[in-house]
Every structure is written in structure tokens, then in C-alpha cells.
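Protein chains in written order, with the working numbering: chain H, 1 to 362; chain G, 1 to 362; chain Y, 1 to 362; chain P, 1 to 362.
Among these hints, one or two may not hold up.
Any copy, or any two copies together, can satisfy a pair, since identical chains are not distinguished.
Think about it this way: if two alpha-carbon atoms lie no more than 25 Å apart in a straight line, the pair counts; the simulated DSS-like pairs of lysine-lysine are [to be verified]:
id: 1; residue 1: K7; residue 2: K358
id: 2; residue 1: K148; residue 2: K358
id: 3; residue 1: K275; residue 2: K191
id: 4; residue 1: K199; residue 2: K150
id: 5; residue 1: K202; residue 2: K159
id: 6; residue 1: K150; residue 2: K358
id: 7; residue 1: K98; residue 2: K72
id: 8; residue 1: K318; residue 2: K142
Hint data in this document are derived by calculation from the structure and do not stem from the laboratory. Keep in mind it's a predicted model, so treat the numbers as computed, not measured.
One-letter residues, chain by chain:
There are 4 protein chains.
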Amino acid sequence: MSNTFNKIFKVTTFGESHGKAIGAVIDGCPSNIEITENDINNELKRRRPFNNKYTSQREEEDKAKILSGVYKNKTLGSPICVIVENKNFSSKEYLKTKDILKPSHANYTYMQKYGLFDPRGSSRASGRETIARVIASAIAKKILDHYKIKTIAYIKQIKNIKANIDHSDYSSLKENTYNSPIYCPDIKASKKMESLLDKTIKEKDSIGGVVEFAAYNMPTSLGEPIYDKLDARLGSAMLSIGGSKGFEIGKGFESSKMRGSEYNDLYIFENSRIKTKTNNSGGILAGISTSELLIGTVAFKPTPSILKPQKSINLQNKSAVLALDKSSKHDPCIAIRASVVVEAMLNLTLVDFILLNKLSAL
Amino acid sequence: MSNTFNKIFKVTTFGESHGKAIGAVIDGCPSNIEITENDINNELKRRRPFNNKYTSQREEEDKAKILSGVYKNKTLGSPICVIVENKNFSSKEYLKTKDILKPSHANYTYMQKYGLFDPRGSSRASGRETIARVIASAIAKKILDHYKIKTIAYIKQIKNIKANIDHSDYSSLKENTYNSPIYCPDIKASKKMESLLDKTIKEKDSIGGVVEFAAYNMPTSLGEPIYDKLDARLGSAMLSIGGSKGFEIGKGFESSKMRGSEYNDLYIFENSRIKTKTNNSGGILAGISTSELLIGTVAFKPTPSILKPQKSINLQNKSAVLALDKSSKHDPCIAIRASVVVEAMLNLTLVDFILLNKLSAL
Amino acid sequence: MSNTFNKIFKVTTFGESHGKAIGAVIDGCPSNIEITENDINNELKRRRPFNNKYTSQREEEDKAKILSGVYKNKTLGSPICVIVENKNFSSKEYLKTKDILKPSHANYTYMQKYGLFDPRGSSRASGRETIARVIASAIAKKILDHYKIKTIAYIKQIKNIKANIDHSDYSSLKENTYNSPIYCPDIKASKKMESLLDKTIKEKDSIGGVVEFAAYNMPTSLGEPIYDKLDARLGSAMLSIGGSKGFEIGKGFESSKMRGSEYNDLYIFENSRIKTKTNNSGGILAGISTSELLIGTVAFKPTPSILKPQKSINLQNKSAVLALDKSSKHDPCIAIRASVVVEAMLNLTLVDFILLNKLSAL
Amino acid sequence: MSNTFNKIFKVTTFGESHGKAIGAVIDGCPSNIEITENDINNELKRRRPFNNKYTSQREEEDKAKILSGVYKNKTLGSPICVIVENKNFSSKEYLKTKDILKPSHANYTYMQKYGLFDPRGSSRASGRETIARVIASAIAKKILDHYKIKTIAYIKQIKNIKANIDHSDYSSLKENTYNSPIYCPDIKASKKMESLLDKTIKEKDSIGGVVEFAAYNMPTSLGEPIYDKLDARLGSAMLSIGGSKGFEIGKGFESSKMRGSEYNDLYIFENSRIKTKTNNSGGILAGISTSELLIGTVAFKPTPSILKPQKSINLQNKSAVLALDKSSKHDPCIAIRASVVVEAMLNLTLVDFILLNKLSAL
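With the rest of the complex left out, here is chain H (with noise of 0.2 Å):
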């Protein structure tokens, strides 16, 4: 169960990476937004950047199929189900291995939880998964770009090279983003991370990463107390991300090592607006925006499928190892990838506090 999310833009998703297609119902989205399948396939797009080393790729475009709740292009305030059909797969490595307990993957709890695994693919648990999100966000969006709200996500750090990100211009951190192959809008630090991507590919190994996230253009008064705070929830959010391990919001565990007088981000009136000097807070108090830049990390594990050969053992419970063909696509970096989705889960938990904040008065 719990594959909803969300209150009140409900996104339901569904799909194996080796089934007949991956999905997802939007019910909750308000009447009379614009959209198209164009706009759609425009983000999938993002999921698979370059077509380079970087990422694994399957041979052809993933293509969004507006099943429901849109007629002319307009949504009709009925439940929005959009598909992408599997093709061009094949599973046949998957099948080779299929016995063997996978290191830091999920075939062992799955089968220990529902007694069986679709052995195709990484079934449920698989990457793909995630084109549900993006196409639910493709819908969120348009609500953002209405209340002229502008997010990101981009990588942060791999291993311990860190990107030098300046947050002073929407346009250029998303043009330095997008311009680089593994989504760094630092260049320098871009380059030095694909030689060292490049090292981890040649010795069939992997790496993890964190991505950093940002929303510009913050309303005040975002988020619900107690449970639903807005940190909470996008922890939740990001959380919920295969692969992700921590998540911070401001200056996360740096916070930890500071004192108040410090921390405390110290009001101020300035062009007839309340603001604060710093911003340690990351754009949220008592789980409520401030209208500060929202701004937090992910961090991603490596990606637990490695071409190395691996100690395990098989269902059997007897020793085996676990060697993964050449011809097996994983992503060297799942944070790479990862970043596309982290914006997503951003887009997707704004659009329900915006619905919910319409409800906090009368």
C-alpha cells in the first residue's frame, strides 16, 4: 500500500519497471489548468540528460499517453491518469541473477515482506518508478508558474568535491545547471566530478552524491503544523527517493554545532517587506514558509548495482556471487538522475501546501 502522495493533489503512481507501462493518477488537481502531453515528455526528457555515460539509458523516449481528466487541453477537475509504456527492455540478465540476495538492493526485503519479487527489472523499487513523479510534477508546475514560483535541484557534491553554487539568480543556476552533463551548475566542480565518474565507471564501481534543492519566489504561511510541516513533509518527500539516506533543510547538521546568537536569522524591514539578514532557517519556522529562499540536500547512497562481482549469498541461503553483466545499464551516480526527481517531489509537496494554506482561514 502508500503508493499516494500528498493531501490534497493526490498522486497515486503505479508500475514495474518491466511491466506493461508506469503511471500515475492526479486526483485533486484543480479545474481549468492547462496541459498537454508535450508538456509532459518535455520533463521526462530532463530524466534523461545528454544521452551520455553518465546516466543509463534505454534505447528510445519515454512518451507520456493522458489517459483521463483533460479534454482540450484542459484539465477537467476529474482524476488525470497519465502513462508511459515499457518498451524496448530486456530482462533476460535480470533473470540470470534472480536467486541471488543483491547487496544493499531491494529483492531481500521484498520478498521477506509480500513472499514474492517481480525479478524483471528491479520491479517497484526500480528507477523507474520515478517517471511517475516527474509526470505528476509536469502538472504541478503549471500551478507553481502560476503563483510564480520557480524550483531547482542540482548536484551538490560527489564524493568530496563540492560545488560552489550562487543562489543570487534563478535564470543562471538553472542555465549553469542544465548546461552541465551530470547536472552541477558549478563548471569547475562539473568537471572535476565526470573525471571522477569517468574512474568509477572504468573500475565498475559507483558513487554516491547529494543534491541540493531551491524554490524561489516562496509564499509566506506554507506548511501545517504539527505533523505536516513543510520541512517534514519535503523530508518525507525526498526521503521516499530509492537510494536517499539524508536530508537537510537550511543549515541542517551544521546547525547543530552553532549557538543562538549565531543562528538566529535576525528580521529586518527592507523595500516594504519583512525579510531576514541571513537565512539559516532555509526558508521555513515552526514548519511555515517565510518567504526566504527555500533551500535543503539530499544525500544518495552509491548505486548498490555495480559491475564489480559481489560476496552473497542465494535463496538457498548458500554462498554465491553476484556478477552483473557488461551489458546490465546502472547509473555510475544515481544522484545524477536523482536531481531531476528531488525538483519533482519539491513541485509535488509546494503545489499541496499552496491547496492546503487555502483552507487555513475563511
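We have chain H already, so just place chains G, Y and P on it with the hints.
Just chains G, Y and P, lined up with the frame of chain H:
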């Protein structure tokens, strides 16, 4: 809205810090579970450790009153309402500064969102709200006991002082934690932290900290893909605690610096059970528990209310200085007391997944 | 579980009839709405009309105590907890018969489901539970007032005596209803029903009845297809009241005997608004309100507890006779007092849809 | 919003009558349950009984396509998406009358609520939407089979012709129901109803009807007080079906005319089990199943679309006549086909409560 936590073992909490009472309604607790007011009071006592200088105190103890759902010390299957009356508090100090925006505090965002704020105490954003979480956790613990699951949370770090934790034995870890006036199980580190806190108090300041949590004797299969993964829900639970700014499961942010070949937890079969040689995953794979030790951390910012005067603005957008009176009571480090709440949220989350998992198969 | 009603204006209720208190937590009430304990007490008084023989009474009044969510008589946007303490009741009579399965009463099914039953009063299945619904409705009414929506419920029928209702004017309908000791606005019918009730009481028996409800000044657009149609949710609301066995909207069962050409409500445009010539639909089309009078009925079975001895079995499956003592207090006709609860459930349901409808379009 | 049904066995449906597809996502179905597209198609066939004049038909069969959640004919525990593509329909007739408010039809309220309406077919308010409910029910039935629960729904009454139903044996009741072209198990009554329908069709009119439903081999303990009582949820389920206007459980409205001493179902102990001598309660006490036959009725209004011309107004608020073309297809009595949907909703509701009841005790 959003004052209900969990999906099955549903906890709805209420109460402002200086209102008549703080309380919780637990709906979805199975019937025939033994519970007394004493059981709850014992947990509540842990929120006021040692009555020492490191945690601010109201004068008398918080006493739980069970209003419904329990008959002859057994749960009826009907909703359990428990309240703690608020007594012996003074709102005077708060009312003096009620027109000033308090840096990194709830009053600004609450006023923006709701158009008004109860200025006595911190209203619903007060730490006192967590009484309700501890109440519910006291009941949840009875169910965890039934399944032999044991949980704990403690101070892992304050500023740069890191505790060295031995996880091999639950009982000693618990004993050591409770023996420290700041709930830090590493005695040496605890002493150093206490000195740092003394200095911080003297300097009218506050400081952040990191809490670690762990669950022993975990079963497999807890967690509901895709959006209620165990780690996603734990993240949400922890980030809903006032002052938390970061969350990690297993190796967390450290994993972003690791390679797959280092990070992956290799399976072995030992003593008739499937285990992993390492536990970088922190006991969760693909959002589902593995039966290894469940472990993670939560970062807390420094207490926003400090005795040092702070520049701010008032409700008329004019400059103002927030100068809190010596008599006002604030913890120098919210992480200490928050550790009890972290454990409570862990307990509540685990119980929900234990119940949810009954539904995975017929 | 399932003690929460509504999706936005969420009402969680608790309390057994002979426990310490009955109460409700309302989460999702917009901020800045005026409410006092008096407002609530006025509604509670209507559950004990005239202190007459037609409705059983505890000796003193139920007094509401607001524990949270309201500051200076305004809602804060945080959860509102209101309780009524249970006083002056005796459980003796109940304990005497606790080992007998009571015909058409809760004790058998509760024992089966939960493995135990609080034998004092009817526990959670008591009519006293509805106090919590009336509390929440008192707050909901403030929101309906804001939108000028006016609601009422009254006795439409007892046995074969049908009241003749004039719906043309809300105020007179309300006045007539409140003037009847049994809440029947047709004076003639009321008198006949009172005689029938006198006879029923004398014969140590009870009787069923039908309650009609209506909402005036309805806006269009309330109701959420497909599964939260206004009529579906009203049906659920009414059928959750103890003793209800049937529900109709508009012509209800009568419509099953009609032809389309008779039944269909034809549109006309009159006084600058779209109306229908008839209102067989009862103000709802395709699950959404039309702005015509919202009208429907609820059937109630006779009170199961009667003074006439009844054959039954005991917990050991042996024959037993249930002979209730004269001192035990039971309404001769639950429909009378239930009419107040029907109105409360109507109010709660409408408020939820008013809030939900804010989300239909941007 | 609100296109999800149930709390555990969650069914989210989508699709407009003349859109690309109608479908359902079932989330919360336990794993390891056998299901094939054939199982679903068999249920879908029952929505087009006998291809006769009493139910309007599209030309070819509806074919289910399972997109996800099933591997080698077994449920995976992940969400199951099933669609039926819409084919061979013409929207011409609908588009001709799209600017006229159709009496007792969805187009007025949908336009009011959403600001637009897909004029092809009846969009989301079409009877075709119920395909999705039948799909989900086909899966639910597998779980009911596991628990030996057997369900049925049939025509109980059309106009004043009442069927005489023998409930003693499920198999014969089912056989008789399926043998009638209008799903009425009383052959004599069926013949009379058929004549009435013939006459109604000839007169370009439609007619209402009453459907009765029953569940055999019920366990005790299904139903969740206070707001998810079994009868409340059944009422909501049935009233969410297009055209339903009334609901009864057990004696329903008849019970409002009875005395307690007549109505009460007396307990007896027979053949090693607790039974009641009568079953006026219809198998539910205090919202929880008793294990007696679960029985109730649903009233349906006449089909709103009739070939007889009807006076109305158009979108410019001017008088207009709605004259539907002979080629337009409408059932003369929606109750007939709705009986299949009533059974589907019964199945879905029961499965949810079976799963929910796993949570009542540890």
C-alpha cells in the same frame, strides 16, 4: 490542520503551552492492551531529567489523566484520550515581548498564516506540545514490548564534541544514557558537553546538537513502499519535532562520499539467520526494515530564545530589541530534551508499521 | 479505529458513556472564528429538550469545557479540544445485566470484535457519544452562518403518523420544531405522536421514527465526485448515528416508482437565477448541490432497551431473561433526540464540503 | 478530488465516458492473490447482460488490460492498474445538445463546480465510470472467496412490482438472478417488469427501481465504530453510484414503524453458534456485523435521459427544448445494470473491513 500522526495507530494531539491542557487522542490502538496512568507518567518524567540546569522546568510534575478508551487498565478498542493540565505558569514575560518578531521563532510565521497568535508561551509551537507525543508513545511502547522491540535515543553530538557509542548491548546503552544529566551515554563526552553547556548558559546563549536513535530486535518487513518507506516516515516524524533541521538513516550524508563497493552491505547466513556484514543502510533497504539495527540521527538547531538581546522589528515593522528577562525559562540546548521526543516518534512510527504490515498478505 | 469524521474540518471524538468525559478534537477549523463555551452549551441543551418524559435525562446539564485551540474567543487555527465531564450517573443497573446479550444492542458485537466491553452504560455505543458531535457542530455552525446557510432537522414520522411539513419559511419551521416537546413542527401530528409515546411508555415498550433534515440557502458546487458525493457523505454521516437504518435524499425510495418524465426537475430561469420547477432530487445532482433546498430523511429503529422482559442468552450461551429495572433510563423513541444529532451531522458535512470546494479551481 | 474508495484496499478510479480509457488503481491489495485478465472480463460481461433491449450497449466488449501489480497471475503487493479502452463510440449526438442544461443530469452541476464539462457522453458522471468499480470488485472477490463470503444483488422492485425473494439458498438465488434478463430472481415478477419496461421504452420514457443486496457466510466483527460503521460505509458506497437516492439496511424505513418488542432480534444458541431468531437488523448491530445475513436495499431514480422532449434552458439562460435523437443509447431503467455495481460496491466495502478488522486486536 494536520495534528494527526500515523495512519493506523492514529495520534491526534492538541493544546497550547499556556492553554488549559495538552493532550492526545489515540485512535486505532488494538484492544486488550494493559495501560495505566502510571505507565504514562513514568515516560513524562523523562522529559524533565534530574530537574537540572540543562533543561528548563515548570515547578510541578506533569500528571496524565486518562479520559477515555481504557477500562480496568485495559484498552477498549475505542479512542484513548489522555490530558495533562497546564498549571503554575506565568505568561507575563511573554506578554511583555508579544509585539516583537522573535528571531527564528514561530510567532512571525504563525501570525502570517493564521492572522493571530496566542502570545502566552509559544502557543502550539511550544516544546510543551511534545508532552502529547510522549503520552502516545507510552501506549505505543506496550505494543513494541509485545514484539520485543527496544528503542532508545540519546545525545550523539553537541557542537564539535562527539560521543563514542557502543551499540553492542541495549541495556548498558540505556543505563548509560539515563545516568547522564544530558542523556549522553558516553561519560567522558557527557562531561565535556556539560562544561560547554555551563559556558553557554553563562554567556546567555544556546547551542545545537545531534540526537541518535536506535531500535533493537527489529523484525523484517516494516515499511510501505513507495511513499511510506520506513525511512521516509521516520524522517517526517523527526522533522516534525520543533527545532530539527536534518535527518539521516544509516550512514546518511557520509554515504554520499562512498563507493558502492565500500557501502554495500553484503549478505551472510549465520546462526540460522540472514544478516549483513556491515550495516551502512541503518537497517532499511528499499524503505523496508532488514532486521539489522535500525539507526539514524536528527540534527537540532540551537534554542532560538536566548537571554542575549537581539535586534529585530516589531509588528509595526519598526526596529526593536528583543531582551528576554532572566526569569524566562529556556533550555540551553533543545536537543537534550528532544532526545526523549525522538524516541517517542520512533516508537509511534514503528507501531504504525507493525500494524500496517499485518495487511501485506492474507 | 475510525473515530474521525470529515476530511478537512476533521472531528475526532472520544469517550464512553460512563467514563470520565466525552469530547471532540476539531482539527482543520479555520482561524479567527468566534466561539465561546456558551455557544456550545446552547447546542448541548437541545439534546435534553424540555426535560420531559419523552427523552431520558441525567440530572444536571452537560457543560462544555474548551481545553485548546481558542484564545480570547477566537479560533487559533490549532486543534480545538472540548470536553464534557460525565457526572451523576450510576452504573449499578448496567452491571447487574452485564452478562446477558442484550437484543439489538451493542454488547454482543463489541465483545466479539474487541474481546471486551465496558459494561457501564453502553460504553462507546451510547447515545452520550453524540454529545461530541453536537459540540463540533456548534463550531461548524459558525462557518455555516458566515455563508448564510441554515439547517434544521425534525420528526417527520412516528409509526404511521406523518407530519405535514411546510418548507416555505425557515424561521417558522424552526420555531414550530422547537415548540414541540418531541421536535415535530406539525402541531397536530405532534399531539398524536405524544399520545402514542405515552401509550408506548406505559406498555414498557419503545418505538421507531423518521427524522427529516433540510438546508436552506445552499450554494451550488458542494460535493466531490465520485466517492464523496454530497449524498453519499450525508448518507454515511446519518447512518453513523446509533439506531439509524435508512436514508433518503429528495424523493428517495419514492423515486424508484417514478418515470423519468415525472421525476426530472426541469430548469427555469427566474429572478436572475437558475432554478428547477420541482425538487425531486432534493438539491443534489450527480453528487453536487444545485442550490435548491437540500432535503432528506433518516429512519430510526425503536430503542433496543425496553422495560418489557426479553428472552436472550448469557455469556455462557445459556438461556437468560433480560429484565431491566424501572430506574434505568431509556428514551421511548430515539428518533426524537437523534433529530438534534441529524442536524449536527448535516452541519459537519456541509462545512467539510464548503472547505473542500475551495480546492476545485485555482 | 475524492476518486479513491476505501481505506486499506484503496481503489482510485479514473476516466471519462468518451475519453481514452476507464480504469482503476488498486493499492493495498495483499500479495500472492491469483488474478487474471479473464477473471476481470468475466465480471465486466455482467454489466452487459444478454445484450438485450433493457440495457443500452456499446458494440464490442470491454476488455481489461492489467498494466501493473501482477506477475505470473499473482498480485505483487504493489498497486494494480487495470484499464479498459473506450472504443467505437460516437460523441456526435452529445455535442448537438451540449449547450442545453439536461434535466436531472450532471452537466449543470459539473459546469457550476468546475467551470467546464466534457460534453462528449456524460464525462466522469457517466455510467461507464462504474466499469472501474467492477474491475476492482473482481479482485476483491478473490479475497472474499478466501473467506467464503458470497454476495449478490438483484432487482427487488420496479415501480409497484415487488419481487418475492427466497434467501434460503445462495446458489439458487444467484442462478435465478442470472437467468432473468433484468436480474430479477423472481421469474413471475421479472416477466411483469419486462412488460412494464417494454411499455416504458415504447413511450420514450424511463423508470426507477430498487436493488437489494445480500452477503452470505458473514463473519462477525466487520465494521469500525463510530464513523465507519459497516452500515454507514455501505450507505456511502451505494449512494456514490449514479442515480441512487435511498439506502436501507435490514428492515430500513419499516423499522421506524415498529416497536422495540417487535423489532429486537432475540439471541438463541443453536448448532454451536450464537444466532438471532429474526434478522430485522440486517446483519449489523452498532455498526458491526453479527454473522447473520447482511441485507439491504438501494433505490434508484429513473434514467434522466429520455427520448421524450423536455423543456429546459440553455447556457444563455434562454428557454430550450432537449430532444434526444433515437440513436442515443440510454437504459430504460438504470437499476438493472446498477445491480451489478451494487454488488461490486458491496464486495469492495466488505474487503476493506476484513482487512481493517485485522487491526482490532494484536
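Now the hints, each set against the structure:
no. : hint        : in the structure
1   : K7 - K358   : both (13 Å within a copy, 14 Å between copies)
2   : K148 - K358 : both (17 Å within a copy, 20 Å between copies)
3   : K275 - K191 : neither (36 Å within a copy, 39 Å between copies)
4   : K199 - K150 : neither (35 Å within a copy, 43 Å between copies)
5   : K202 - K159 : within (16 Å within a copy, 40 Å between copies)
6   : K150 - K358 : both (20 Å within a copy, 24 Å between copies)
7   : K98 - K72   : between (46 Å within a copy, 15 Å between copies)
8   : K318 - K142 : neither (53 Å within a copy, 36 Å between copies)
Hint compliance for this structure: hints 3, 4 and 8 are not met, and every other hint is.
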